[in-house]
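Chains as they are written, first to last, in our numbering: chain A, 1 to 124; chain B, 1001 to 1124; chain C, 2001 to 2599.
Bear in mind the hints are in silico, worked out from the structure with no lab data behind them.
There's no promise every hint is true.
Claimed, not checked - Listed next, the in silico DSS-like pairs over lysine-lysine satisfying Cα-Cα at most 25 Å (straight line):
#1 C:Lys2118 / C:Lys2363
#2 A:Lys87 / C:Lys2049
#3 C:Lys2004 / A:Lys27
#4 B:Lys1028 / B:Lys1074
#5 C:Lys2131 / A:Lys27
#6 A:Lys87 / B:Lys1038
#7 C:Lys2464 / A:Lys27
#8 A:Lys118 / B:Lys1074
#9 A:Lys27 / A:Lys87
#10 B:Lys1092 / B:Lys1028
#11 B:Lys1028 / A:Lys27
#12 A:Lys118 / A:Lys103
#13 B:Lys1092 / A:Lys103
#14 A:Lys118 / C:Lys2131
To be verified - Some chain A residues flagged as far from chain C (calculated, every beta-carbon gap over 10 Å):
#15 Arg51
#16 Val57
#17 Thr99
#18 Ser119
Note that CB positions come from ideal geometry on N, CA and C, so glycine has one too.
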Amino acid sequence: MTEITYLTDVSLLTCVVQQGYGDAVLKAARDVGAITGAIGYDARGYGARERLGLLGVAVEAEKDVISILVSTDQQDAVFDSIYRACKLDVPGRGYMYLTPLDKVASYIPESVMARMQKSRTEDG
Amino acid sequence: MSTLPENGPVLQASRMLTCVLPDDGTDKELLRSLRSEKGIIRASSASCLGSAILADARTRPGRLPQPYLVRMVKVVVAEEEAEALFEYMYEKARIGRPGGGVILLGAPIHSTAYALPEGVPDEK
Amino acid sequence: MAVKYRFGEYQRGLAAGHREVSFNDLRLGPGPESIREGKPLTRESLRVKLTGMEIIRLLQPYAHVRFMEQFRAVVPLALYLALFQILFLQQVVENSWVITAGLFAVIVGLMFFMEGLKQGLMPFGTVIGNKLPQKSTLPVVLLVTLLLGIGVTFAEPAIGALKAAGQNVSVERAPYLYALLNHWSESLVLVVGVSVGLAAVIGTLRFLYGWSLKPLIYMSLLPVLALTVYGAFDTEMSKVLGLAWDCGAVTTGPVTVPLVLSLGIGIASAAGKGDSELSGFGIVTLASLFPIMGVLLLTIYVSYTVTPAEIIEIARQAAAAESAMEPAWYERTPGQEIVMGIRAILPLVLFLFLVLLVVLREKLRNAGEIFYGISLAIIGMCIFNLGLTYGLSKLGGTAGALVPTAFMEVPGIPDSPIYFYAVGLVLSLAFAWFLGYGATMAEPALNALGVTAENLTNGVFKKKTLVGAVSVGVGFGIAIGLAKLIFDLPLVWLILPGYLLALVLTFFSSEEFVNMAWDSAGVTTGPITVPLVLAMGLGFGNATHAVEGFGILCMASVGPIITVMITGLWARHVARRQAEAAASEPVPASHEQEAEALL
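With the hints as constraints, model all of the structure from the sequences given.
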């Protein structure tokens, strides 16, 4: 049995935005230098559309849901970047939330592993 | 099957495990073995578009990585089983292989119990 | 002593400029008092009031995105046509201000119409598609499908282009064509509608019983081809063939495809058959084949009831009567366009309402939104019709009329022919090719089909490949259609080999590719391409003294069918070759790298 590498200090940032803005979310995350894994799917939203009366027709009911893995160091920078890029202060545009995670595991290429071990020995 | 307790549903300390797996049937195998070997039925699998950390790191700045079809598997388990299950699922879904996906362990949550009716034959 | 901070804390500090509000304090709904008292939540208590600035910020992107969608589809095409006239034909675009205003109307009209369709008509389609199969028997469902097919055909924006085209047909030279597009135009649309309805019924049955598309194609194409050959032997009827085949391309537009599909898929999934990957395909194919047969049969009927001489006589009387008295307000622009717009949408809306209220006994949810959508659709249709008359038809018409100056003498145009015959001919055909190619590449519906294709073939057949194959097909189709007008070839000699080749390819292709290829033909001809190409063909036909200018669109339909299936067969051939090579060579070289790309 191989040894599992745990990755810690990581959060899941989930954005619910109007359909078509999903790419803007990913772009915003990359703009502040976050190299992330992400998954996205389509959903139907309720809320703003019902509450704005007839103006609600301007709010797309179809949503893009994007979940991004971010390190806790980067999470606030990414959060702010996405907020501004997607103009989440516009009514009905969308919202996002951060979920703390205990740990993450995945395949890590040998070269990356070696680099991580090297930097740790240098620090310590 | 139990009837609902008078004071509303009983909440149990739990964890949510999320896997993002390649769309090659691993998710079905995982769900099957979770049920037959561990008796876990609070699990789901959904189709998503995903872009990997490694693909992201290789993509040129200003571009977005090409997304792939992936399966997102979510499993809710009792808090004390979570750690062991994390490793079990890591092995079972072969997440350690290149392109194997990723597994996340979330922060503590609460969940309600869930039961299936008995004596119903399996779907083929 | 130096103070140490983690870099992450510094980054957190940089991200200042926010304030924190507890979610508990967020008063989105009624206060905690009324919740404690157990007052039910109502729409009114949840209503949020926006300030003027917020409303502008909400509506600005809403309008912008939808405007740009149509802008991107219309402007490059219009620029291409205008630049070609100016650069190659050295002609100033006439009435450029009127045409620009007309194109603007097309953009705004389509933007309103598409949004209205989404907000006002699609909800009906979804509800009826989901509920109807559960609440009533199969015959009732099929009857509703049939009637829906008729309703959507009337609401299709491109149908207006057909009627507009009718005004330019000379009654002496093609009396039946003139009659079909003028006195019989309502019956023409009705026949097309019934054909679309029948196609929807058969397509739905196909979903239900999982029929293969191939026999359906053989069974519907052979009679159509037989009728075409029959028509080709009759001198009068042969002039209608182009119109008949073009009708097939006109019908499958932005109203028909989603509404009929949502009903068909709803029926199939209610029967537990909706999860097939291929469900959703086929209706479009049948809906572009059946109208051809319908129109041909109508022509035969017309030819038995009136003679060409009678038609010419009637037309002459009508023309005389028209010049004698001022036409009523609803027969002049813009009154005519507005009446047309309302007449196109209202019957469909009333029919959907009736099905919902009488057959389903469902209440209308979000009545406000639906009313808003329907109003938008009607307004949009009216504006679009205006734009069609002043913008697309004029632009296409003048472009079509001027292109022949490249290679032949056209009265009224000095210096024509501008080029040597061969050069001008090549230039004209290249113009047509790039027009078809460009217009198709920009078609949004094709993109959606490309994504489906990629999923269906597990990524083997890339979206880019499909879009490219279809665009090349349409390009060749339009170029061949133009060549038909230039050399005055009989349409039957182009259709027959084209579709026979398509049949042979169908026989050899796999079911997926047959579905995709035949559907791509219907998908490519949207509300901008159709009027433009129709008008161009008619203008071209008038300038070159061809009898009629139809037939370009149908060539643009058969082109992609052939190219997509050839590409599919080629892809299969390459895959097989690779598999053979891999079998002889046991080590798959780049396999690991490929896997690594997937996290």
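Hint check:
Between lysine 2118 of chain C and lysine 2363 of chain C, the direct Cα distance comes to roughly 19 Å. Compliance with the 25 Å bound is thereby established for this hinted pair. Pair hint lysine 87 of chain A plus lysine 2049 of chain C holds up; C-alpha atoms about 19 Å apart against a cutoff of 25 Å. The suggested pairing of lysine 2004 of chain C with lysine 27 of chain A is violated, with an alpha-carbon distance near 32 Å, which exceeds 25 Å. Pair hint lysine 1028 of chain B plus lysine 1074 of chain B holds up; C-alpha atoms about 12 Å apart against a cutoff of 25 Å.
Distance hint between lysine 2131 of chain C and lysine 27 of chain A is unfulfilled; the C-alpha atoms sit about 41 Å from each other, more than 25 Å. Pair hint lysine 87 of chain A plus lysine 1038 of chain B does not hold up; C-alpha atoms about 45 Å apart against a cutoff of 25 Å. For the hint linking lysine 2464 of chain C to lysine 27 of chain A, the alpha-carbon distance of about 23 Å falls within 25 Å, and the restraint holds. Taking the CA atoms of lysine 118 of chain A and lysine 1074 of chain B, the gap is about 35 Å. The hint is violated against a cut of 25 Å.
Only pairs whose Cα atoms come within 25 Å are accepted, and lysine 27 of chain A paired with lysine 87 of chain A is accepted, the gap being roughly 13 Å. For the suggested pair lysine 1092 of chain B and lysine 1028 of chain B, the alpha carbons sit about 11 Å apart, so the restraint of at most 25 Å is met. Between lysine 1028 of chain B and lysine 27 of chain A, the direct Cα distance comes to roughly 32 Å. Violation of the 25 Å bound is thereby established for this hinted pair. Taking the CA atoms of lysine 118 of chain A and lysine 103 of chain A, the gap is near 22 Å; set against the 25 Å cutoff, the hint holds.
Between lysine 1092 of chain B and lysine 103 of chain A, the direct Cα distance comes to roughly 18 Å. Compliance with the 25 Å bound is thereby established for this hinted pair. For the hint pairing lysine 118 of chain A with lysine 2131 of chain C, the CA-to-CA distance comes to about 63 Å; that exceeds 25 Å, so the pair is violated. With a least beta-carbon separation of about 5 Å from chain C, arginine 51 of chain A fails to lie farther than 10 Å from that chain, contradicting its non-interface assignment. Look at valine 57 of chain A: its CB is around 6 Å from the nearest CB on chain C, not clear of 10 Å, so calling it non-interface is violated.
The beta carbon of threonine 99 of chain A is kept farther than 10 Å from every beta carbon of chain C, the shortest such distance being approximately 15 Å. With a least beta-carbon separation of about 14 Å from chain C, serine 119 of chain A lies farther than 10 Å from that chain, consistent with its non-interface assignment.
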